[in-house]
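**Q** Heads up, my numbering is the position in the sequence shown plus 1490, with the first residue counted as 1.
Hints are not guaranteed to be accurate.
Said to hold, decoys possible - Derived lysine-lysine pairs resembling PhoX-like cross-links, with alpha carbons at most 25 Å apart:
1) 1608 x 1575
2) 1513 x 1569
3) 1594 x 1513
4) 1575 x 1513
5) 1594 x 1608
6) 1519 x 1594
7) 1575 x 1594
Stated by the list, open to error - Derived CB-CB ranges, DEER-like:
8) 1617 x 1538: 23 to 31 Å
9) 1597 x 1534: 22 to 30 Å
10) 1517 x 1599: 17 to 25 Å
11) 1615 x 1538: 27 to 35 Å
12) 1532 x 1599: 18 to 26 Å
13) 1542 x 1517: 23 to 31 Å
14) 1534 x 1616: 21 to 29 Å
15) 1596 x 1560: 17 to 25 Å
16) 1546 x 1617: 39 to 47 Å
17) 1582 x 1533: 29 to 37 Å
Hints were generated in silico from the structure; no laboratory data involved.
Cβ coordinates follow ideal geometry from the N, Cα and C atoms, glycine included.
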Amino acid sequence: MNNKLLIVTHGSLGIALIEVARKVIGEVKDEVIVPVSNENMSTSELAERIRMITESDTDSFFIIATDFPGGSCFIASRKVASSSKRISSVSGVNISMVLSFITKRELYQGIQLTEIIKTDGNRAIIS
1491 MNNKLLIVTH GSLGIALIEV ARKVIGEVKD EVIVPVSNEN MSTSELAERI RMITESDTDS
1551 FFIIATDFPG GSCFIASRKV ASSSKRISSV SGVNISMVLS FITKRELYQG IQLTEIIKTD
1611 GNRAIIS
């Protein structure tokens, strides 16, 4: 099963994270990481957009990373993730999480990869 990352954010944050990842690592396959913006969408419309993406590829495990907990991106993503065992959801996406996904997506699967990128994202937050 392939791993895919949906970066579901307010505005163009997801696109910016992918652009930065490309500058750090190099080419990133477009079909592996997909940015989804909530711009001009209700929470229900956003959930439907996420559902369409995840249902269009039943051979993949999707990790949905949202910008922060509690917002429309988080609510829509959790709703979709709760309906399938091949979808997980994390919040607080940062560049370390994206880089972790890119470099480890072929080494780990599903929930294990989700936990690894979450740990790597937390490790990047220092004071």
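**Q** Could you run down the list of hints and mark each one as holding or not?
**A** To see whether the hints hold, each was checked on the structure:
| no. | hint | in the structure |
| --- | --- | --- |
| 1 | 1608 x 1575 | 18 Å, holds |
| 2 | 1513 x 1569 | 33 Å, violated |
| 3 | 1594 x 1513 | 18 Å, holds |
| 4 | 1575 x 1513 | 33 Å, violated |
| 5 | 1594 x 1608 | 12 Å, holds |
| 6 | 1519 x 1594 | 14 Å, holds |
| 7 | 1575 x 1594 | 20 Å, holds |
| 8 | 1617 x 1538: 23 to 31 Å | 39 Å, violated |
| 9 | 1597 x 1534: 22 to 30 Å | 36 Å, violated |
| 10 | 1517 x 1599: 17 to 25 Å | 23 Å, holds |
| 11 | 1615 x 1538: 27 to 35 Å | 32 Å, holds |
| 12 | 1532 x 1599: 18 to 26 Å | 33 Å, violated |
| 13 | 1542 x 1517: 23 to 31 Å | 26 Å, holds |
| 14 | 1534 x 1616: 21 to 29 Å | 38 Å, violated |
| 15 | 1596 x 1560: 17 to 25 Å | 33 Å, violated |
| 16 | 1546 x 1617: 39 to 47 Å | 41 Å, holds |
| 17 | 1582 x 1533: 29 to 37 Å | 19 Å, violated |
Figure legend: structure checked against the earlier numbered hints; hints not met, in rising order: 2, 4, 8, 9, 12, 14, 15 and 17.
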